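In case you want the letters, here they are:
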Amino acid sequence: MQIFDVFLLEAVLNGLLFGGVLALLALGLNLVFGVIDVVWICYAELMMIGMYTVYFLHNAYHLPLFVAFAAGVIVVAGCGVLLHVLVIRPVLNSEPINQLLVTGGVLFFLQAAATLAFGVQFRNLGLTLPSLELGEIFLPFSRIYAALTALVAMVLLWLFLKKTYLGTAIRAISQDRAIMPLMGVSPSRIYVVTSAIGGGLAGLGACLLVLQYDVHPAIGLTFGPITFMICVLGGLGNMIGGFVAAFILAQLISVGGFFFHIEWGYVMAFIFFIVMMFVRPQGIMGGKG
Amino acid sequence: MLELKNVCAGYGTFQALFDVSLTVNAGEAVAVIGPNGAGKTTLLRVISKLIGAAAGEILFEGRRLNEVEPHRVIELGVAHVPENRRLFPRLTVEENLRMGAYIPSARAHFAERLASAYGLFPRLEERRAQLAGTMSGGEQQMCAIARGLMSRPKLLLLDEPSAGLAPVIVQRIFDVVRRIRDEGYTVLIVEQNVQQVLKVVDRAYLLEVGRIKASGSARELAGSEEIRRAYVGL
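The listed protein sequences correspond, in order, to chains C and F. For the first sequence, this note's numbering begins at 1 and goes up steadily by one. For the second sequence, this note's numbering begins at 1 and goes up steadily by one.
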């Protein structure tokens with residue numbers, strides 16, 4: 001019985017760490033939706049670009065890992081801006097279904113382009129970080145670093161949105177876009193900045209994931225749906241709701257996986273999501289916040 | 001300071017303003033009065049460039065505004081307090097005021113201007129951390145005016161500041177307008193409350209169905225039999 005409890009505790013702690021990373025992934029998608037009212041269906045494919053960037057800079061060009069990470073964030077932030085300017089801006093005032101379709105199109109385009117460019121093989125950094133041993137509990141450092149980085153990034157983003165003029169404008173524009181020019185704010189510039197931040201968060205997510213997972217052209221399918229589910233479960237556009245939802249789903253996956261099998265953890269998380277969509281279709285926190 | 005020459009404007013195929021000409025001199029308070037749907041709000045929206053002018057010229061301090069981008073107008077010194085207040089409902093009072101001071105020249109003086117906004121509206125200081133959307137209509141209107149003043153505009157555009165407010169609050173809003181003009185601001189105010197607004201402005205224009213129908217000093221217009229019968233209800 002004693003040993004059982006220790007492994008349960010390990011599952012809970014792992015769930016917490018996993019939740020931190022998921023919360024970060026959801027943050028960028030939520031920010032973009034909350035401000036621009038467009039869902040980046042191809043969000044996880046932007047992360048894939050970041051993972052490839054880190055992988056090639058580190059493993060093929062032998063740049064230090066931190067340089068590769070910084071480049072990964074910057075590259076994906078740039079991709080976010082390109083996505084907005086080239087794809088989303090032309091359909092900004094058209095039907096929401098068209099906006100979903102174009103970003104969905106970008107998803108398939110990026111997957112296919114990655115397959116053509118890099119082939120289908122799985123690649124990884126080839127790093128093995130040690131684990132933290134707490135008695136009988138083992139927590140991989142890759143997960144600890146990832147969760148801590150995610151936490152710091154979320155706090156910094158919160159401070160930015162709360163304390164700066166630009167951050168306040170980003171929150172304001174989702175409440176009343178039409179009068180932003182009266183404040184001296186150019187809405188199109190705020191959208192570009194928001195897309196850069198959303199992309200940057202996807203890039204940061206990529207840096208954290210590439211420590212733990214192989215990169216391949218379909219990696220987006222592993223993280224895209226769960227990221228999207230977290231945002232919807234928390235209330236699309238509600239960043240605090242997304243934060244809470246990330247930890248709920250991560251615990252279901254981790255602890256559910258402990259009691260049954262890791263795949264069952266995902267099944268439980270998806271069943272929980274479907275049930276919640278009937279009970280609270282507007283999300284845990286409802287509406288935007 | 002502000003001069004409109006034969007301005008025409010509208011939305012799509014609907015034309016709301018026809019050949020409107022009007023001037024506001026520095027230090028003046030000028031009202032545009034007229035019934036609902038006369039084009040008063042459109043007139044202010046044309047000046048702050050929220051909509052483009054189809055014809056005519058808008059000059060501010062001798063500079064043509066027609067080609068100026070909308071978000072640059074406030075940098076030139078024109079602040080617009082829009083119809084229905086349009087606060088950011090889920091930002092706090094202080095965050096709304098921060099948005100009013102968004103332009104670089106205002107940011108540098110934010111603390112001092114915040115203090116003077118709270119001096120003019122002590123109630124806002126009490127509510128500084130409250131979400132703007134949860135305040136009463138009168139408080140929201142004061143916050144909207146304070147937000148407009150944060151950039152220290154040369155010209156303040158006020159769109160129906162008394163609309164939808166209880167009579168006692170309306171009185172307080174017009175007191176505020178009087179204080180603002182006494183502080184030296186140039187004000188262009190659009191109002192349906194003709195009787196009250198003519199007491200606080202120097203001159204006024206009567207706008208009907210998109211055309212200027214009359215103009216003159218506030219005293220002249222207040223004494224005009226036609227205006228008294230149509231708008232003051234005396």
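If you're looking for bench data, these hints aren't it; they were derived computationally from the structure. On a predicted model such as this, the values are computed, not experimentally measured, just so you know. Glycine residues also receive a C-beta, built at the ideal position from the N, C-alpha and C atoms. Heads up, some of the hints might be wrong.
[Said to hold, decoys possible] The following residues of chain C were derived to be distant from chain F, with all beta-carbon distances above 12 Å:
(1) 6
(2) 155
(3) 186
[Unchecked claim] Restraint-style ranges between C-beta atoms, simulated for each label pair:
(4) C:95 <-> F:36: 29 to 39 Å
(5) C:122 <-> F:75: 52 to 62 Å
(6) C:95 <-> F:223: 51 to 61 Å
(7) C:144 <-> F:166: 32 to 42 Å
(8) C:95 <-> F:75: 43 to 53 Å
(9) F:72 <-> C:137: 16 to 26 Å
(10) C:141 <-> F:89: 36 to 46 Å
(11) C:141 <-> F:75: 31 to 41 Å
(12) F:116 <-> C:186: 46 to 56 Å
Status of each hint after checking the structure:
Residue-level check passed: residue 6 of chain C sits 45 Å from the nearest beta carbon of chain F, beyond 12 Å. Against the 12 Å criterion, residue 155 of chain C stays outside the reach of chain F, whose nearest CB is about 19 Å from its own CB. Some Cβ of chain F comes within 12 Å of the Cβ of residue 186 of chain C; the nearest lies about 5 Å off, and the non-interface call is violated. At about 33 Å, the CB distance of residue 95 of chain C to residue 36 of chain F agrees with the hint of 29 to 39 Å.
At roughly 53 Å, the beta-carbon separation of residue 122 of chain C and residue 75 of chain F lies within the given 52 to 62 Å, and the hint holds. In this structure the supplied range 51 to 61 Å holds for residue 95 of chain C paired with residue 223 of chain F, their Cβ-Cβ distance being about 55 Å. Checked against the hint of 32 to 42 Å, the C-beta distance between residue 144 of chain C and residue 166 of chain F comes to roughly 59 Å, which is inconsistent with it. For residue 95 of chain C paired with residue 75 of chain F, a C-beta distance near 35 Å fails the hint of 43 to 53 Å.
Under the hint 16 to 26 Å, the C-beta atoms of residue 72 of chain F and residue 137 of chain C, about 59 Å apart, miss the expected range. Restraint check, residue 141 of chain C to residue 89 of chain F: a C-beta distance of roughly 45 Å satisfies the suggested window 36 to 46 Å. At about 51 Å, the beta-carbon gap between residue 141 of chain C and residue 75 of chain F misses the expected band of 31 to 41 Å. For the pair residue 116 of chain F and residue 186 of chain C, the beta carbons lie near 27 Å from each other, so the given range of 46 to 56 Å is not met.
Consistency with the previously given hints fails for numbers 3, 7, 8, 9, 11, 12, ordered from lowest to highest.
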